[in-house]
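Trainee: The residues making up each chain are set out below.
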Amino acid sequence: MNVIQQLEKEQQKEKVPALRAGDTVKVHAKVVEGTRERIQVFEGTVIRVTGGGLRQSFTVRRVTHGVGVERTFLIHSPRIDKIDVLRHGDVRQGRLYYLRGKIGKEARIRERRRLIREPESGTEPPANGEEESEE
Amino acid sequence: MTQLFNADGTTSAVTVLEAGPCRVLGLRTTEKDGYAAARIAFEATTERRLTKPMNGEFKKANVEPHRHVVEIRGYDGLEAGQELKAEIFAAGEIVDVTSTSKGKGFQGLIKRHKFSRGPESHGSMNVRQPGAIGATDAARVFKGVRMAGQMGNERTTARAYKVVRVDPERNLILVKGGVPGAKGALVLVRQSTKKVKVKGPSGKPTGRKV
Numbered sequence: 001m002n003v004i005q006q007l008e009k010e011q012q013k014e015k016v017p018a019l020r021a022g023d024t025v026k027v028h029a030k031v032v033e034g035t036r037e038r039i040q041v042f043e044g045t046v047i048r049v050t051g052g053g054l055r056q057s058f059t060v061r062r063v064t065h066g067v068g069v070e071r072t073f074l075i076h077s078p079r080i081d082k083i084d085v086l087r088h089g090d091v092r093q094g095r096l097y098y099l100r101g102k103i104g105k106e107a108r109i110r111e112r113r114r115l116i117r118e119p120e121s122g123t124e125p126p127a128n129g130e131e132e133s134e135e
Numbered sequence: 001m002t003q004l005f006n007a008d009g010t011t012s013a014v015t016v017l018e019a020g021p022c023r024v025l026g027l028r029t030t031e032k033d034g035y036a037a038a039r040i041a042f043e044a045t046t047e048r049r050l051t052k053p054m055n056g057e058f059k060k061a062n063v064e065p066h067r068h069v070v071e072i073r074g075y076d077g078l079e080a081g082q083e084l085k086a087e088i089f090a091a092g093e094i095v096d097v098t099s100t101s102k103g104k105g106f107q108g109l110i111k112r113h114k115f116s117r118g119p120e121s122h123g124s125m126n127v128r129q130p131g132a133i134g135a136t137d138a139a140r141v142f143k144g145v146r147m148a149g150q151m152g153n154e155r156t157t158a159r160a161y162k163v164v165r166v167d168p169e170r171n172l173i174l175v176k177g178g179v180p181g182a183k184g185a186l187v188l189v190r191q192s193t194k195k196v197k198v199k200g201p202s203g204k205p206t207g208r209k210v
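Chains A and B, in that order, give the protein sequences.
Each residue of the first sequence is one higher than the one before, starting from 1 at the first, in the numbering used here.
Each residue of the second sequence is one higher than the one before, starting from 1 at the first, in the numbering used here.
Chain A with its partners taken away, still in its complex shape (with noise of 0.2 angstroms):
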């Protein structure tokens, strides 16, 4: 292992969940307001993995009083306390940028009921597996 490898290596997580777009996830970011640091939860559908190892990076987005909110994390970034996977979306494409146009019911996104190969997902979905609308 060369010394950029054993440096990234370092700096990673032992654990991180594979997300896959069209999954809905948790994530509890630290965020510091004035001196105090307290954990902010966003929960979304991912709409894009990117990258690997040390710079993977996933975009989050969820419609909060009618307006689109994306957030773009660092999935092992020190900000980033935990990532919950709450249900895992059966889509087609890599890049859900198709969500921005839709809206309430058009938005929604298929639970996945077949297994896919996961190297590390340490999660399950929940029980309730229906068409769910995301918001």
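Just so you know, not all the hints are guaranteed correct.
Below, simulated DSSO-like cross-link-like pairs (lysine-lysine); rule was C-alpha separation at most 27 angstroms, straight line [claimed, not checked]:
#	chain 1	residue 1	chain 2	residue 2
1	B	Lys-111	B	Lys-176
2	A	Lys-9	B	Lys-183
3	A	Lys-9	B	Lys-162
4	A	Lys-9	B	Lys-176
5	B	Lys-104	B	Lys-176
6	A	Lys-30	B	Lys-176
7	A	Lys-9	B	Lys-85
The hints are simulated quantities; they were obtained by calculation from the structure and are not laboratory data.
Please read these numbers as outputs of a predicted model, since none were measured by experiment.
Using the hints provided, position chain B relative to the given structure of chain A.
Mentor: Chain B only, in chain A's frame:
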């Protein structure tokens, strides 16, 4: 290059440089040589690979033979025989990095000198041509006119890199941004001339671009 997470969750793109260890081979003093400099040796090798004069210098300094020797102006705080490692730099320090840039071969004006291209249509014939290279009454082309030719593979100094982290255990210097040269290239790192004082260790990367 790789990426480091900062304490606030942002990231820095860094180049990893392996710092020597280098040995101070000797000093040039104003009294004796007319100028002040330190001779610094890097990468130990065998006597067989060096010339007799070089071996003589190493023997005199009581330092084992090294493959590369550079001279750096000024020697504040250095003495002959001393070993230089990553610790001579501290995080936050500003450094200059000298190396041989990656060779690009024989390149045209657009890539080499950032000329702009001509129109491609309407019968235009000067798509990647230089345009004018001088005046007619000069009757010759002045020296230094920018033309096509070898690009890269030359000694370059890139200035004012910030040292993000120093790793004494593995003897690494991590500087922000990309430095000239290919992976594994020999680089010379010294205190930035933008901050006036020059102190100098030479370092080199292993395998990866240092």
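Trainee: Next, verify each hint and record whether it holds.
Mentor: Quick rundown of the hints versus the structure:
This hinted pair checks out: Lys-111(B) and Lys-176(B) have alpha carbons roughly 26 angstroms apart, not beyond 27 angstroms. Simply put, Lys-9(A) and Lys-183(B) have alpha-carbon atoms about 20 angstroms apart, close enough for the 27 angstroms limit, and the pair holds. For the proposed pair Lys-9(A) and Lys-162(B), the alpha carbon gap of about 23 angstroms is at most 27 angstroms, so the pair holds. A hinted pair counts as satisfied when its Cα atoms are at most 27 angstroms apart, and Lys-9(A) with Lys-176(B) qualifies at roughly 19 angstroms.
Simply put, Lys-104(B) and Lys-176(B) have alpha-carbon atoms about 24 angstroms apart, close enough for the 27 angstroms limit, and the pair holds. Using a Cα cut-off of 27 angstroms, the hinted pair Lys-30(A) and Lys-176(B) holds, with the two alpha carbons roughly 25 angstroms apart. Taken as a hint, the Lys-9(A) and Lys-85(B) pair is honoured in the structure, with Cα atoms around 24 angstroms apart against an allowance of 27 angstroms.
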